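Listed here are the chains, written in short residue letters.
2 protein chains.
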Amino acid sequence: MKINMAHGSGGKASAELMKDIFGKYFNNDVLSRMEDAAVLQINGKIAFSTDTFVVNPIFFKGGDIGKLSVCGTVNDLLMMGAEPRYLTAGFILEEGLDTNELETIVASMAKTASEAGVYIVAGDTKVIEGIGGLYINTSGIGLIPDGRDISSANLSEGDVIIVSGNLGEHHACILSARIGIENHIHSDCGILEPITHALFENEIKVKAMRDVTRGGLGTVLNEFAEASGCSIEIEEDSIPVSQEVRGFSDILGLDPLYMANEGKMIFVVSNEDADKALHIIKQTEMGKDASIIAKVRQGKGVIMKTHLGGSRAVDMLYGEGLPRIC
Amino acid sequence: MKINMAHGSGGKASAELMKDIFGKYFNNDVLSRMEDAAVLQINGKIAFSTDTFVVNPIFFKGGDIGKLSVCGTVNDLLMMGAEPRYLTAGFILEEGLDTNELETIVASMAKTASEAGVYIVAGDTKVIEGIGGLYINTSGIGLIPDGRDISSANLSEGDVIIVSGNLGEHHACILSARIGIENHIHSDCGILEPITHALFENEIKVKAMRDVTRGGLGTVLNEFAEASGCSIEIEEDSIPVSQEVRGFSDILGLDPLYMANEGKMIFVVSNEDADKALHIIKQTEMGKDASIIAKVRQGKGVIMKTHLGGSRAVDMLYGEGLPRIC
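Residue numbers (my numbering), protein chains in the order written: chain A, 79 to 404; chain B, 79 to 404.
Everything labelled a hint here was simulated from the structure, so no lab data went into it.
A pair holds if it fits inside one copy or across any two, identical chains being indistinguishable in the list.
With a straight-line cut-off of 30 Å between C-alpha atoms, the simulated DSBU-like cross-links for lysine-lysine are:
| # | residue 1 | residue 2 |
| --- | --- | --- |
| 1 | K373 | K90 |
| 2 | K360 | K283 |
| 3 | K383 | K90 |
| 4 | K139 | K90 |
| 5 | K123 | K102 |
| 6 | K123 | K189 |
| 7 | K102 | K378 |
| 8 | K189 | K97 |
| 9 | K97 | K378 |
| 10 | K373 | K97 |
| 11 | K97 | K123 |
| 12 | K90 | K378 |
| 13 | K354 | K383 |
These numbers were taken from a predicted model, which means no experiment stands behind them.
From just these sequences and the hints, can you work out the full model?
Shown next as C-alpha cells:
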C-alpha cells in the first residue's frame, strides 16, 4: 500500500496507520493511552533535546533513517551526561511512500530504542505532497545524575581531547549511495552509550563531550574553542581515518575533518586523566580506534600541526555544494 | 537571501543562520549555551508531547505556521491539565525559502511562546531540496499540578460535553486560501490557556479535555467514546458554527463536524458541574460561543440527534480527497 493524504487526515485512515504500524512496534503503557501527551514522573535534572532527520536515501549500509533518528537524539542526551529515557517521534510522510518501507523503518526505530533503553512515549504523523520520501523528528528526555557537569565551556589550558574512532564513515557511505559509487563503506550510525558508560563507570572526570555529526570534527573543535575562550591544537597525524574512507575522500577531494559521522564523539579530560581514559575506551568495541587528537592551549581558534611540521588554522566548515548527507 | 544547502551543513552558514535569526528571537539562558541538549530542573509529573506542522500556505488569515507550531503543542500540554513550560523547535527548510519569510515566522513563534509563557530551549534546522517550503516540529514539556487526573478514559454515564466555540474556522480559512476563494474567514489558531485557566481557577472538576484539530469534533468524540467504553449522544442543533463558515461549508459540501480547528477544545464534566462550567468559560473572550453539545450514555459509538428529530451514527472521519489543511 502507498501512503496517501487520507493517512494524514487525523481520521480513520490515520488511526489505522497508527494501530497497524506504530502501535505494533512502539507498544508501551504510556503510548497506548493515546492521549494528547505522555504523562511521566520526573525528579531532578534533565537533558531535553530535538533533532530532525532528512537523510536520503532512507536505507543505507549500516542503518536507515529510523535507526539514525533514535541514535541521533539519544547521543545528544548522552553528550550532556544524561541517561536517555523517553523519546517522541514526529513523522512527515510524503504521498507515495510504501507502507512496507515505513514499517521496516518503524521496526528499526523500535529495535534501536530498545537497545538504547528508551521508550517512545508520544508521536505524530503528517502527510505531504511528494514522491515517497520520509522525514523524522525525535525529541528526547534524559536524566542527569547528580554531580555531572558537562559543558563545552569547561575546557582549560592543558586539557586533552580524545576522539572515539575513525572519522567520515557516515558521510562517505551516504555520499557513495547518492552519487552511485560502489564500495564497502558502512555508516557508523550507532549509540555512544558503551563509551559514555565506560567513562563514567571508571570515574573519569569528563569536562565536555560532543558527538561529531554534521560539520565534522573541525566544526565541533571550533565550537568548543569559542565556548571556552581557548585555543585547540590538533595533530594531523593523530586523526583516525580508515584506509577505505581515506581513499574515498582523497579521490573526491573531501577532508575527513569536515565529514559527518553518526556514531563518533569527542570528549575532553584533564591531562592527568588522558591516558587512563584512552585505555578504558579502547577496550570497548566502539572505541577501539580512539585516539588523543588535540590539546587545549591559551588563545583562540583551532590550529593544526600538519604532517610536514607546519601549522595551519582550522576554520569551521562553511557549507557544502555536495548533496546533503544528513 | 534564499536558503540553500549550506544553511543545513552544520558549519558556518548554519551557525550564522542560528545567530542572525533563531538567536535573535529565541534568546534565553538555556538556549544560548548552544549545547547538544537543554539542561532543566524538573520535579513532579510532566506532560511530554510532539507535533509536526506542515500547513500550506505558511501565512494565512489569523496566523502563520510559526504561531500554529507553538499553539499546537502548547494546547496538547494544556489538554493534559499541564502548565506548559519548555518547547523544542525542529525546522525543515526547503531550498529557496526566503530568509525574510523565515524571520517573520520565527518572530511569530517567539511572540506566541512569550504569550504562552513557554521557553524554546533547544532547536535543530535541516535543509532539503524543494521549492521554498517550511515544516516545523515542536515538542513540549508541561508541569502537571498535583491532583489533576485528565484522561479520555474518564467519561461515565450522565457526563456532559462542552465545546469552547465555533467550529471549522481553521479548516475553512486554509481551504479558502488553497482553492482561491475570497472571504473573511480567519483561522482560530490560538492558545487555549484562558479557558483551561478559568476552569481550574474555579475548581471545575474536568474529567477529560481535548483540542479539536485534524479529524474534527466527530473524530474526537469517537476517540473519547472508545477510550471510555461508552456512547456519546450529540445534539445537531447545539453545534456552534459561524454563519460565514456555515455558508462556506454548505457550498463545498463540507461537514463542520469533521473540519479542523486550531483553537477549539471540548471538555467533559459531570452533569452537576455543567451549567457552572459553561457560564465560566462564556465569560472568556475565547469561550464566548461555547455550547453544551453532548451527553455521555451507556453503550458505544457516537449518535447524533438531528435537527429533524431523527438519529444517525457519527463515525470517525475516514480521510479526505481535499487539499490537506493542517
